[in-house]
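Participant: Protein chains in written order, with the numbering used here: chain A, 85 to 326; chain B, 85 to 326.
Pairs of lysine-lysine residues, derived as PhoX-like cross-links and limited to a Cα-Cα distance of at most 25 Å, are as follows:
| # | chain 1 | residue 1 | chain 2 | residue 2 |
| --- | --- | --- | --- | --- |
| 1 | B | 272 | A | 248 |
| 2 | B | 248 | A | 272 |
| 3 | B | 248 | A | 248 |
Quick partial rundown of chain A residues pointing at chain B, CB under 8 Å, derived from the structure:
| # | residue |
| --- | --- |
| 4 | 252 |
| 5 | 276 |
| 6 | 278 |
| 7 | 317 |
Bear in mind the hints are in silico, worked out from the structure with no lab data behind them.
All C-beta atoms in this analysis are idealised placements derived from N, C-alpha and C, irrespective of residue type, glycine included.
2 protein chains.
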Amino acid sequence: MAQNIYDNPDFFAGYSQLPRQVEGLAAAPEWPALRAMLPELAGKRVVDLGCGFGWFARWARSAGAAAVLGLDLSQAMIARARAETTDAAIRYAIADLDTLELAAGAFDLAYSSLAFHYLADFGRLARTVHQALVPGGAFIFSIEHPIYMAASHPHWTADEDGRKTWPVNRYAIEGERRTDWFAKGVVKYHRTIATTLNTLIETGFALRRVGEFAPSAEQIAAQPSLEEELERPMMLLVSAQR
Amino acid sequence: MAQNIYDNPDFFAGYSQLPRQVEGLAAAPEWPALRAMLPELAGKRVVDLGCGFGWFARWARSAGAAAVLGLDLSQAMIARARAETTDAAIRYAIADLDTLELAAGAFDLAYSSLAFHYLADFGRLARTVHQALVPGGAFIFSIEHPIYMAASHPHWTADEDGRKTWPVNRYAIEGERRTDWFAKGVVKYHRTIATTLNTLIETGFALRRVGEFAPSAEQIAAQPSLEEELERPMMLLVSAQR
Numbered sequence: 085m086a087q088n089i090y091d092n093p094d095f096f097a098g099y100s101q102l103p104r105q106v107e108g109l110a111a112a113p114e115w116p117a118l119r120a121m122l123p124e125l126a127g128k129r130v131v132d133l134g135c136g137f138g139w140f141a142r143w144a145r146s147a148g149a150a151a152v153l154g155l156d157l158s159q160a161m162i163a164r165a166r167a168e169t170t171d172a173a174i175r176y177a178i179a180d181l182d183t184l185e186l187a188a189g190a191f192d193l194a195y196s197s198l199a200f201h202y203l204a205d206f207g208r209l210a211r212t213v214h215q216a217l218v219p220g221g222a223f224i225f226s227i228e229h230p231i232y233m234a235a236s237h238p239h240w241t242a243d244e245d246g247r248k249t250w251p252v253n254r255y256a257i258e259g260e261r262r263t264d265w266f267a268k269g270v271v272k273y274h275r276t277i278a279t280t281l282n283t284l285i286e287t288g289f290a291l292r293r294v295g296e297f298a299p300s301a302e303q304i305a306a307q308p309s310l311e312e313e314l315e316r317p318m319m320l321l322v323s324a325q326r
Numbered sequence: 085m086a087q088n089i090y091d092n093p094d095f096f097a098g099y100s101q102l103p104r105q106v107e108g109l110a111a112a113p114e115w116p117a118l119r120a121m122l123p124e125l126a127g128k129r130v131v132d133l134g135c136g137f138g139w140f141a142r143w144a145r146s147a148g149a150a151a152v153l154g155l156d157l158s159q160a161m162i163a164r165a166r167a168e169t170t171d172a173a174i175r176y177a178i179a180d181l182d183t184l185e186l187a188a189g190a191f192d193l194a195y196s197s198l199a200f201h202y203l204a205d206f207g208r209l210a211r212t213v214h215q216a217l218v219p220g221g222a223f224i225f226s227i228e229h230p231i232y233m234a235a236s237h238p239h240w241t242a243d244e245d246g247r248k249t250w251p252v253n254r255y256a257i258e259g260e261r262r263t264d265w266f267a268k269g270v271v272k273y274h275r276t277i278a279t280t281l282n283t284l285i286e287t288g289f290a291l292r293r294v295g296e297f298a299p300s301a302e303q304i305a306a307q308p309s310l311e312e313e314l315e316r317p318m319m320l321l322v323s324a325q326r
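Pulled out of the complex, with its shape left as it was, chain A reads as follows (with noise of 0.2 Å):
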């Protein structure tokens, strides 16, 4: 069973007070990109691996998915997300992604936010939601970058000119990774971007857009904190169609 951080009240205590789990995904900066690769929702059912506090789900219900199932490893999220609607169209259930089972064909769209970094066999997950999804059906998740992840110590450095600066070591070994995020020792599994794209393509996935987060020249004036991600790929989107 993966670990499950999130019902680690340290953990849940401090991730709960993140601006997107406070004031839902208009604070999550990827939200418009991500946003942006959806299909039209109009009468498609749709599932959320790792739901959260289910502000996607009720999302999608308001741009008009006839059902959302939402799925989280976490109790605790769960039991929130279910407080936060009385919309039977939504069901969200306790599920653990890395042994998931989903009924075939059932959904149109399979969408996921930066779940899947905690996962050991993403292969696994992925002919799941293929095999879930019917022919067309999109698959359209962030994770957090190949990148950002890979080094043993992932913090910012400078350059000589001193600017900002992010080190990528370890990037070819995959595997675990080991940091510390409002709990010592969450344990998220390294993957390069060569081997999430490949994954997909093996299971049977078109792709049919990659995204590396980047901050636009609104949303840094907005924002100035958001600027340093100019600098660094912190975020990986994609877009895959069965």
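Add chain B to chain A, keeping to what the hints say.
Facilitator: For chain B alone, coordinates are given in the frame of chain A:
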């Protein structure tokens, strides 16, 4: 017109001594990964974009290609390539990839090794190649990895444990990069991974495989200096299909 650094005498003298120029494909550590992406070549018409001394053109003929067109901006390269073969099915021509034109449907395979990071406009080149391939034709190339070439000062550093570390900054800021490599002020053009892959998808190619060269244990045993290439992605390899 593109900068023609290869006809700079200092550059040419140094470049000509690179193992891969002296010994050919076997001295290029990424060649096994690139070769594995190639289709069966028997009877195929091949164009090599940035053919240099013609090592790939001669190999393609030995692998059964019906005809090979090698194109390069450098007069010195093309002169040397012509001197290295008497094979009438290999033709060489001087061409600037930034303004290249190719006949429609003239090729089954377009190949390029470490040339496109010199191009200001990859989109134009991708469209030129797409229309020059037959339907189902393959477009297989390597470039310097965007992570390798993004930073203002691309050179090894060390992290707090002394581990070799590659610096990344200016990743989202695409455009010209000037480096000193056998000559001062060699001009390259940085594009993100997303831009390169999306350009291919938008041009009508299907992505078949993405590679990020990393040396095998056997390669490191034979050439220990390659071990550092586990730390950073140095080359991006792409297999696309019209």
